[in-house]
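A.B. asks: Chain residues, written in single-letter form:
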Amino acid sequence: MSQPLQEPHKPPFWTIARRDAAAGYLFIAPQLTGTILFVLIPLGLVFYYSLHEWNVLANTFTFVGDANYQLLLRDPNLPQVLWASAVFSAGLVVLNMSLALLLAVLLDQKLKGIVVFRTLFFSPVVVSLVAWTIVWSFLLQVNGGINGLLSMIGIEGPNWLRHPSTAMISVVVVQVFKNVGLNMILFLAALQGVPKELYEAARVDGAPAFKQFRRITLPMISPTILLTSIITIVGSLQVFAQIAILTKGGPGVSTTVLVYYLYQQAFQFNFFGYGSTLSILLFLIVAVLTFIQWQMRKRIVFYEN
Amino acid sequence: MKTDLSPRMKVALYGLLCVLLVPFVFPTWWMITSSVKPISDIFAFPPDIWPRRFDWTTYQKVFELQPFARQYWNSAYIAAIVTVGTMIISSMAGYAFARIKFPFSNAIFMIVLLGLLIPSEVTIVPLFQMFLSWGMINTHWPLILVPIFGAPSVFATFVMRQFFISLPGELEEAARVDGLGRFKIFWTIALPLAKPALGAVAIFTFLHSWNLYLEPIVFISSTNMFTLPQALTQFTDAYGGAMWNIQLAAATMTAIPVLIVFIVAQKQFVEGLAHTGLKG
Numbered sequence: 001m002s003q004p005l006q007e008p009h010k011p012p013f014w015t016i017a018r019r020d021a022a023a024g025y026l027f028i029a030p031q032l033t034g035t036i037l038f039v040l041i042p043l044g045l046v047f048y049y050s051l052h053e054w055n056v057l058a059n060t061f062t063f064v065g066d067a068n069y070q071l072l073l074r075d076p077n078l079p080q081v082l083w084a085s086a087v088f089s090a091g092l093v094v095l096n097m098s099l100a101l102l103l104a105v106l107l108d109q110k111l112k113g114i115v116v117f118r119t120l121f122f123s124p125v126v127v128s129l130v131a132w133t134i135v136w137s138f139l140l141q142v143n144g145g146i147n148g149l150l151s152m153i154g155i156e157g158p159n160w161l162r163h164p165s166t167a168m169i170s171v172v173v174v175q176v177f178k179n180v181g182l183n184m185i186l187f188l189a190a191l192q193g194v195p196k197e198l199y200e201a202a203r204v205d206g207a208p209a210f211k212q213f214r215r216i217t218l219p220m221i222s223p224t225i226l227l228t229s230i231i232t233i234v235g236s237l238q239v240f241a242q243i244a245i246l247t248k249g250g251p252g253v254s255t256t257v258l259v260y261y262l263y264q265q266a267f268q269f270n271f272f273g274y275g276s277t278l279s280i281l282l283f284l285i286v287a288v289l290t291f292i293q294w295q296m297r298k299r300i301v302f303y304e305n
Numbered sequence: 001m002k003t004d005l006s007p008r009m010k011v012a013l014y015g016l017l018c019v020l021l022v023p024f025v026f027p028t029w030w031m032i033t034s035s036v037k038p039i040s041d042i043f044a045f046p047p048d049i050w051p052r053r054f055d056w057t058t059y060q061k062v063f064e065l066q067p068f069a070r071q072y073w074n075s076a077y078i079a080a081i082v083t084v085g086t087m088i089i090s091s092m093a094g095y096a097f098a099r100i101k102f103p104f105s106n107a108i109f110m111i112v113l114l115g116l117l118i119p120s121e122v123t124i125v126p127l128f129q130m131f132l133s134w135g136m137i138n139t140h141w142p143l144i145l146v147p148i149f150g151a152p153s154v155f156a157t158f159v160m161r162q163f164f165i166s167l168p169g170e171l172e173e174a175a176r177v178d179g180l181g182r183f184k185i186f187w188t189i190a191l192p193l194a195k196p197a198l199g200a201v202a203i204f205t206f207l208h209s210w211n212l213y214l215e216p217i218v219f220i221s222s223t224n225m226f227t228l229p230q231a232l233t234q235f236t237d238a239y240g241g242a243m244w245n246i247q248l249a250a251a252t253m254t255a256i257p258v259l260i261v262f263i264v265a266q267k268q269f270v271e272g273l274a275h276t277g278l279k280g
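Which chain is which? The protein sequence lines are C and R, in order. The first sequence begins at 1 in my numbering and counts up one residue at a time. The second sequence begins at 1 in my numbering and counts up one residue at a time.
Any given hint could be a false lead.
Stated by the list, open to error - Pairwise CB distance ranges, derived in the manner of DEER restraints:
| hint | chain 1 | residue 1 | chain 2 | residue 2 | range |
| --- | --- | --- | --- | --- | --- |
| 1 | R | V11 | C | R215 | 20 to 30 Å |
| 2 | C | A207 | R | L16 | 50 to 60 Å |
| 3 | R | C18 | C | S98 | 15 to 25 Å |
| 4 | C | K110 | R | S40 | 43 to 53 Å |
| 5 | R | I88 | C | A287 | 24 to 34 Å |
| 6 | R | S222 | C | S98 | 24 to 34 Å |
| 7 | C | P164 | R | G241 | 35 to 45 Å |
| 8 | R | A242 | C | G44 | 38 to 48 Å |
| 9 | C | R214 | R | A12 | 14 to 24 Å |
| 10 | R | I111 | C | H163 | 19 to 29 Å |
| 11 | R | L132 | C | Q295 | 36 to 46 Å |
| 12 | R | T139 | C | R215 | 53 to 63 Å |
| 13 | R | L16 | C | N159 | 54 to 64 Å |
| 14 | R | V177 | C | I36 | 30 to 40 Å |
Honestly, the hints are just simulated from the structure, not real lab data. Glycine included, every Cβ here is placed at the ideal spot set by N, Cα and C.
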C-alpha cells in the first residue's frame with residue numbers, strides 16, 4: 001500500500017522575513033519621503049542656488065560660479081556677523097549649562113515644596129517664545145521695569161538694547177532664562193540616576209561635598225552634559241525671533257547673528273543667491289560643531305551605559 | 001548628594017531659590033499685570049507690582065486691531081495637526097528602525113538622521129521657492145507639512161527609536177507566536193507602552209509649532225493667515241511704536257493657556273522631558 005501522494009510543498013512567498021521587511025519599509029516611508037523632499041532636495045537646491053545670481057525683481061537667474069563665495073569672503077559685515085554668532089552661542093552655552101547645573105543641584109535637595117520651585121523655574125519654557133521676548137523688550141527699555149527696579153537701589157541703568165556693549169548680553173540673558181529650565185530638568189533626571197552608594201562610599205572616606213561633586217557627580221552625568229551641550233549649541237545657532245524682536249540685529253550689526261543676516265539678505269533684500277551661500281555657511285558651521293562634539297565624546301564622557 | 005539638611009541650611013536654600021527665581025517669574029508677572037494697567041501707568045515710577053487702576057478695554061482692543069480670534073485659531077489648529085501628525089509618523093518610523101529587521105535599515109536611518117544636522121533655517125530659501133512653485137505661499141501648508149515630515153520630526157523619530165530599543169523583546173515574541181502581524185504588534189503592544197516617550201514628543205512638537213516665528217514670517221503675508229507669534233509683533237501705532245499694553249494683553253492670552261495646561265499636567269510634562277534625556 002502506498003501512501004497517497006502529497007503535492008510537493010511550495011514555500012509561501014510571504015515569509016515572515018519578507019512580511020517584516022515590507023512592514024518596515026511601509027513604516028518608515030512617510031519619514032523617509034519627508035526627509036528627501038523637505039531636507040535633502042532643499043539642501044541640494046540651496047547649493048545650486050548659491051552658484052547663481054538671482055534677482056527676483058528683475059526675474060533673472062544666472063550662473064555665476066563661485067562669485068557668491070567670493071562675495072562671502074569680501075563681505076565687510078561677515079566678520080562681525082560671525083563674531084556676533086560666536087559670542088551669542090558661547091555666552092548662551094556657558095551661562096545656560098552652568099545655571100542649569102546649579103539649579104539642578106539645588107533642586108535635587110530634600111526640601112518641602114521643592115516641586116513648586118521646580119515648576120516655577122521651568123515655567124518660562126512653556127511661555128510662548130515671542131510673548132516672553134516681547135515682555136523683556138518692554139522691561140529692558142530705557143524707562144522700563146529693569147531700570148525702574150535698578151533706580152530703586154540708586155543705579156541708573158543703560159538703554160540695554162540700544163547700546164553696543166549691552167545689547168548682546170541682554171539678548172543672551174533673555175534667552176538663558178527662557179530655556180534653562182529644559183536643561184535643568186535633564187540634569188535633574190541625570191542626578192537622580194547616580195547610584196547613591198557612590199556618595200555613601202565617598203562619605204565614609206571623608207570626601208568633602210565639592211570633591212564628591214567633581215569626582216562622582218560630574219563624571220556620572222557627563223553623557224547628559226554632552227547631549228544637552230550639543231542641543232544647546234545647535235539651538236543657539238538657530239536664534240532668530242529673539243534678535244528680530246529685541247534688537248533687529250542692531251545697534252549697527254552688533255547683534256546680527258548668521259540666521260538673521262541670512263533672512264535679511266534673502267527675504268528683505270531679495271538676494272536669494274547670496275542668502276543661499278550664507279545658508280551653506282550655516283550648514284558647514286553646524287556640521288563641523290556637531291562633528292567636533294561627537295569626537296569629544298571619547299575624551300570627556302567618562303561613563304556610558 | 002541628597003542628605004538631610006540642617007534647619008539653617010534649609011532656610012539658606014529657600015532664600016537662595018527665591019532670589020534665583022526672580023528673573024524666571026517676574027517677567028511673566030509683569031506681562032500679566034501690565035496688560036491690565038492703563039497706558040499711563042505702565043511706565044509709572046516707582047514701578048507698580050500690583051496695578052493701581054485696572055483697564056480691561058485693552059483686551060477688547062486686541063480683537064479690534066487684528067483678527068486675533070482667527071489668528072488664535074490658526075496657531076491652535078496648526079499646532080494640533082502638527083503634534084498628532086508627528087506622533088504618528090515618528091512612532092511608526094522609530095518603531096521600524098528599532099525593532100524591525102529589513103535591508104538597508106541602518107543606511108536609511110543615517111539618511112534620516114541628516115535631518116537632525118540640517119536646521120530648517122539652512123533650507124528656508126529653497127523651501128520658500130518650492131512652496132511658491134506649488135502655489136502654497138500664504139497658506140498654512142508649509143507650517144504643517146515641513147514640521148510633520150521634515151527636519152523637526154526627525155528628532156521625534158530619534159526619541160521614539162531610543163525608547164522602542166529599550167523595550168524587552170519577550171512581549172513581541174509572545175504576540176508573534178499568537179500570530180499577530182507587525183502592525184497589530186505595533187498598535188496594541190508597543191505603542192501603549194510608549195506613552196511616556198509619546199508624551200515627550202507631543203510636548204516638544206506642540207511648543208515648537210506654537211513658537212514658530214521665522215517660517216510664518218517667510219511663508220505668510222496676510223493678516224488673516226497670521227499665526228500668534230507673528231501677530232503679537234503687529235500691535236504698533238501709526239509711527240511704528242509699540243502699543244505696549246495691547247501687545248502685552250495679546251502676549252498674555254498667548255502664554256496663559258499653555259501655562260495652565262503645564263501647571264495642571266506638570267508631573268507628566270517634567271517626567272516626559274526627563275525621559276528623553278535619560279534614554280537619549
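A.B. asks: Please list, smallest to largest, the hint numbers that this structure does not respect.
C.D. replies: Result: hints 2, 6, 7, 10, 13 break, sorted rising.
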